[in-house]
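> One-letter residues, chain by chain:
2 protein chains.
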Amino acid sequence: MAETRSRSNRHAGLEAGGILDRAIALARDEGADALTMRRLAAELGVATTSIYWHVGNREQLLTAMVQRHGERLAETPITGDTARERVLAVARLIWEGALADREITRLASSHGLSSLHAQHLELAMARELQEAGVVGESARDALRAITACVGGFIVAALLDDALPTDHRRTSVLAHLEDPGLDPTTRSALATSSHLPSLFDTTLQAVVDSLVPADLSANAYL
Amino acid sequence: MAETRSRSNRHAGLEAGGILDRAIALARDEGADALTMRRLAAELGVATTSIYWHVGNREQLLTAMVQRHGERLAETPITGDTARERVLAVARLIWEGALADREITRLASSHGLSSLHAQHLELAMARELQEAGVVGESARDALRAITACVGGFIVAALLDDALPTDHRRTSVLAHLEDPGLDPTTRSALATSSHLPSLFDTTLQAVVDSLVPADLSANAYL
DNA sequence: ACGAAGTCTGTGACGCTGTCCAAGAGAGCA
DNA sequence: TGCTCTCTTGGACAGCGTCACAGACTTCGT
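Here the protein sequences come in this chain order: A and B.
Residue 123 in the working numbering sits at position 123 of the first sequence, and the numbers go up by one each step.
Residue 301 in the working numbering sits at position 80 of the second sequence, and the numbers go up by one each step.
Rather than coming from a laboratory, the hints here were simulated on the basis of the structure.
It should be emphasised that the depicted structure is a prediction, and the values quoted were computed from it without experimental measurement.
A hint or two may mislead.
[To be verified] Now the in silico label distances, taken between C-beta atoms and shown as ranges:
| id | chain 1 | residue 1 | chain 2 | residue 2 | range |
| --- | --- | --- | --- | --- | --- |
| 1 | B | Ser430 | A | Ala25 | 34 to 42 angstroms |
| 2 | B | Ser408 | A | Ala25 | 37 to 45 angstroms |
| 3 | A | Arg39 | B | Asn278 | 17 to 25 angstroms |
| 4 | B | Gln425 | A | Pro196 | 22 to 30 angstroms |
| 5 | A | Arg72 | B | Ala255 | 33 to 41 angstroms |
| 6 | A | Thr82 | B | Asp421 | 24 to 32 angstroms |
| 7 | A | Asp160 | B | Ser408 | 37 to 45 angstroms |
C-beta atoms are modelled at their ideal positions from N, C-alpha and C, and glycine is treated no differently.
Taking the hints into account, I'd like the entire structure generated from these sequences.
Next comes the structure, spelled out in structure tokens:
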């Protein structure tokens with residue numbers, strides 16, 4: 001009965017996995033800023049140093065959190081008739097997964113861990129690219145280009161709901177005087193785009209430019 | 222002789238502009254992390270509180286820095302035969318300007334000030350879009366999509382040279398096992414793409430999908 | 001010429017952060 | 001019982017942004 005949970009509950013039953021889950025929950029529920037070592041320790045009813053013992057310092061904590069969270073993102077099945085469509089579908093999965101838990105994404109993005117966060121989905125995209133006939137350096141470059149654009153849209157979406165109103169891009173651009181600019185455009189710039197649909201059309205174009213059209217499904221092999 | 226420099230050198234000849242320039246230089250020369258209030262004050266030979274007096278708190282300092290730096294970015298003339306080409310040229314200007322002073326870009330990007338940083342160039346892009354016949358909400362959406370992709374590439378480039386080797390994306394992806402993946406692709410994933418050329422081809426595709434081809438230069442008007 | 005008003009500067013503190021040393025408590029084994 | 005290994009803790013350290021307060025200097029009104 002005391003043997004079952006491995007050998008790690010010597011004192012307080014604290015283990016790395018539980019710390020990570022609690023950290024993820026804390027960031028998701030109360031924002032990325034709420035995730036401090038002390039706050040997380042308090043949440044666990046433990047001294048700060050215990051986190052260091054089990055997980056390591058803050059950077060290691062964030063890395064492990066993002067990795068763990070990223071594994072869950074890759075569980076959704078990929079749908080689509082052609083490989084080309086499935087490439088786009090994976091892009092959409094990255095996008096949706098990132099926005100579903102924005103605070104984790106924010107944490108990952110501000111610490112250069114986005115690649116780690118989406119690594120499994122990127123691998124899935126590499127597989128779909130291969131099935132579409134894109135391999136080797138072309139696959140590497142296609143993957144890079146697509147994920148760069150996806151990442152850009154994610155950052156844009158994160159900024160849209162976290163920025164103080166006075167330097168959102170809508171206000172920034174609208175407050176810039178330009179006599180030559182069409183008044184229709186000018187007033188449109190003060191409103192915000194519908195990012196999900198913009199994401200779809202833009203990434204469609206990017207994927208189409210990088211992945212050849214379906215040559216009855218056997219261009220390579 | 223003492224009247225010439227306006228009326229602002231009451232005590233130490235300190236003024237907002239000088240503080241901002243020094244802050245920009247400090248960030249550029251010694252990295253974004255070196256820019257602390259105390260460090261900047263020491264650099265200026267002044268107490269920290271003086272910065273608060275002239276510029277404001279850290280967020281206001283960063284905002285003013287980014288704004289000032291962004292104005293200089295917009296001084297480069299825009300070249301290109303068709304309006305469509307000039308849209309791409311502006312995108313390239315944003316990209317190159319951002320990478321020329323990476324530390325400032327890093328500062329802007331990590332504080333949600335990227336729109337502010339590139340605001341003048343974005344306005345220039347709006348003008349070129351208008352000349353290409355894209356106005357109103359279409360212009361707003363095109364601008365948004367293009368800048369999102371540009372931003373994504375910029376973030377990707379910043380990460381490439383600032384990340385510890387062990388969780389760069391090349392290592393991250395290469396260390397992921399997948400039996401079904403083509404060995405050529407697998408080894409290519411361990412190398413890094415040439416971002417500048419990838420940027421060009423990708424943004425070419427994005428712009429082409431959003432901006433109609435040149436209808437002998439007078440589609441609108 | 002003298003004092004009041006306004007403008008700028010410096011001192012020093014507050015609460016917060018990540019980090020870690022050194023000491024202790026508990027379990028298992030001899 | 002005592003030794004060892006694993007885990008937990010308290011408390012400190014240096015650094016950060018921020019600001020209340022008091023002092024110094026200039027300018028102006030009288």
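> Which hints, by number, does the structure contradict?
none
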